[in-house]
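Protein chains in written order, with full-length UniProt numbering: chain F, 1 to 465; chain D, 1 to 465.
Everything labelled a hint here was simulated from the structure, so no lab data went into it.
The structure presented is a predicted model; accordingly, all values stated were derived computationally and were not measured.
Among these hints, one or two may not hold up.
Unchecked claim - Straight-line distance between alpha carbons at most 20 Å, and here's what the computed SDA-like set of lysine to any residue pairs gives: (1) F:K408 - D:H201; (2) F:K422 - D:K422; (3) D:K310 - D:G189.
2 protein chains.
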Amino acid sequence: MTVQEATPEIAIIGGGIVGLVLAAGLTRRGVRVNLYEQARNFREIGAGIGFTRNTVRCMEKINPAVVTALRSGGAVNVSLDQQDPKSYLRWIDGYGQQREDGPMYQKPLLKLDAGVKGWETVRRDQFLDDLVKVIPDGVVHLQKRLDTIEDNEDADKVFLNFTDGTRVEADAVIACDGIKSRTRQLLLGLENPASFPQYTHKVAYRALIPMDKVLGAIGEYKTFRQHMHVGPNAHLIHYPVNTNTIGATVVISDPNEWPQDKPTTARASRKDVAEALANWCTPVRNLVDLFPEELDQWALFDLFEYPVPKYNKGRVCLVGDAAHASSPHHGAGASFGIEDALCLSTLMSEVTMDLREHRTSKASALRTAFETYDKVRRTRTQWLVNSSRRVCDLFQQPEWADPAKRVKTESCFEEVKDRSFKIWHFDSTAMVDETIHEYRTGTRPSAKMNGINSTNGVKEANGTK
Amino acid sequence: MTVQEATPEIAIIGGGIVGLVLAAGLTRRGVRVNLYEQARNFREIGAGIGFTRNTVRCMEKINPAVVTALRSGGAVNVSLDQQDPKSYLRWIDGYGQQREDGPMYQKPLLKLDAGVKGWETVRRDQFLDDLVKVIPDGVVHLQKRLDTIEDNEDADKVFLNFTDGTRVEADAVIACDGIKSRTRQLLLGLENPASFPQYTHKVAYRALIPMDKVLGAIGEYKTFRQHMHVGPNAHLIHYPVNTNTIGATVVISDPNEWPQDKPTTARASRKDVAEALANWCTPVRNLVDLFPEELDQWALFDLFEYPVPKYNKGRVCLVGDAAHASSPHHGAGASFGIEDALCLSTLMSEVTMDLREHRTSKASALRTAFETYDKVRRTRTQWLVNSSRRVCDLFQQPEWADPAKRVKTESCFEEVKDRSFKIWHFDSTAMVDETIHEYRTGTRPSAKMNGINSTNGVKEANGTK
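Construct the entire structure; sequences and hints are all you get.
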């Protein structure tokens, strides 16, 4: 067996941020990778994206070139404050009509300190452009839309068939094909509701606005610092995405249905947004006035109602939005996909070392690796899907409109803090250790004789302190 | 000024667990205390009560005799396991009809390790009996129902008038007068909805059942170990309260209103409970069969809809349920009152030391102490009220009845774990430090000139790690 043959060959489906970061991690570890992207070019939707310190640490572990790409993509601190290098997230009252010191006043509700360079933001398209350059030549294959996967227990290889009639083989498939994942449909079957994302009953409107215009609308303090404005049935977030642009997103509740077959973006007008926020504070209305007259309305879908029961099957696994598509209200969807990518990069290193020492067969090692990935990642990532729904409900409590309910509505922020810290304080070093431990436990000969683990499937957590 | 005069004289309103624990803490610190209880005798309602390790640590700091009272009251580990000294909390499927190995099978959902002696349970009445013995003679005054409080800015003393026409004075009033607190009404006014607890739309049925009978109903494993059975619109918890008795509580959703003027307990029959749980697992139905044929139905009220805006006013403050009456679903209501009592015991030590050194006036020191108490305790305790509602919603998800929603419903337990750990992992030493720091900051001369603190009232939390 040559070194080449001993190394697993992985097919990555999907060239979004998570697929590319994973490819950067695997190629760096000497794993043979082919990445198949259905589009003609790489193209990122949405406006800005932010990463907390713990996610940047994951990127460093995956491949330091990913961090270089983030920074060369123009990443800036979410708070552009000459006096203070720390990042803060701020929640303020977007609706209340209290007038403490004039029409620009909005009551502060929560301020979270994320540390120095603790929340870096970047334009998605710029980050993606620089990320593509990290991937070695020959890895990426564009215009390849997955049709079917053949993963037969007794076959050495997995086969992928594309809609253009071509067919390739791989030792395993890692699907980063997003919220509308074809791979998820293939693993679960079309009769499983988890094969399709569900409407969250929220629509989003996103804009990139020149900073000099925003200054006049909301004042210098808010322009240079991220702010989340909360209120009844809607919220608005804005933050600098580079040194001269503000990214702003409005999310509005929608009681109506959004049919599965309708495109998830629709044309809309600024008037729709302005009407929904007509009774809000002056700075909010000023900022909405700077949105383009015509813009896209994004229907937000996720996997909350029908989560994926298991992220792996045989030599195929689901990663990022394909596994746990979340609404965007924690701003952590891509971050959790990057945590997934670190888990899988770690596992592919383990598999490669095992194969080099002839400890196991490729197929068996890869199946155990994906079983481990599911075990390590599923609970936390499904929590995010639930939590993102939950914090949106808290941001958009209808009772913000009722002054008699102020004490109650404002009491939600201890929970918002806890949920944010659970995301930010993620210990990626501990996850790497856990991943290696679980994988090695899974590959021990005794593990295979033992059909059921000792906790009988129940989640067990140690609460001693 | 004599030593006697330098020591603050505190009136405690209410002789429940929290009032008595606080009295034990203050008398130990040499503070003069009078405790006024409206009842003819001490009497505790409810069945069992449990305390995690961190609450026992609070008791130790308040007065070690409280821990002695707990243990002499017959406290036992929530898991009576000869092989394992640790306490565990377990959540299992009370409804699902899966039959893995017979009719007694119930799917385990979450197991939390609370450490050695990590959750001690006791009969409320037995604990109270032994707690009363800790209080020095002359402190307790029974059959004293509070009518009004006079706290005039320019008066040296606060005056309390009781419904029997008697009148006493004190330097300050600490109200532990429970969910229907008269003191809360006096502080907020009857027009404030927070003066009255609100119906949570849950009713509870409690029973104490001899252990030998329970053994036959649910088997040995579950009898000796706490279990929370979850299912659609109801849940059931049982645990040993001493070596021969099981305490069991059923909580059922009730869509109807419960008028404010109706007594919060009503007569009910076992049949009501059995009908609500008719489709549940065999062990659940077996256990309900052991409830008394006639029993009380407890309407559960709390302060969720209208929380108390501030826990202090002048020289009066609200503690425990008077400040933050919670539904009982975390089993932490009394624990949070005991945390309050530690905060106030710490503050009264500080006040006593300041007065001994003539640093300030009694009235000013006590006002600052109560201001500090509100600052240190309000956020966490209002979080508990919200969280208890939230976990009950998770335990009682109607979707437990829908097999297609199983993955979603079961995904709630990461949140249940986080919320439990936030309660159990409370660092009482850090709270004591924070209390002293905040009090001393508040008594510095500069603090009084500064009308507003630097964060402009916004909660700020440091998320750096």
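Structure-based check of all given hints:
For the suggested pair F:K408 and D:H201, the alpha carbons sit about 18 Å apart, so the restraint of at most 20 Å is met. Among the hinted pairs, F:K422 with D:K422 is consistent with the structure: their alpha-carbon atoms are about 12 Å apart, no more than 20 Å. This hinted pair checks out: D:K310 and D:G189 have alpha carbons roughly 13 Å apart, not beyond 20 Å.
Comparing the model with each earlier hint shows no violations; every hint is respected.
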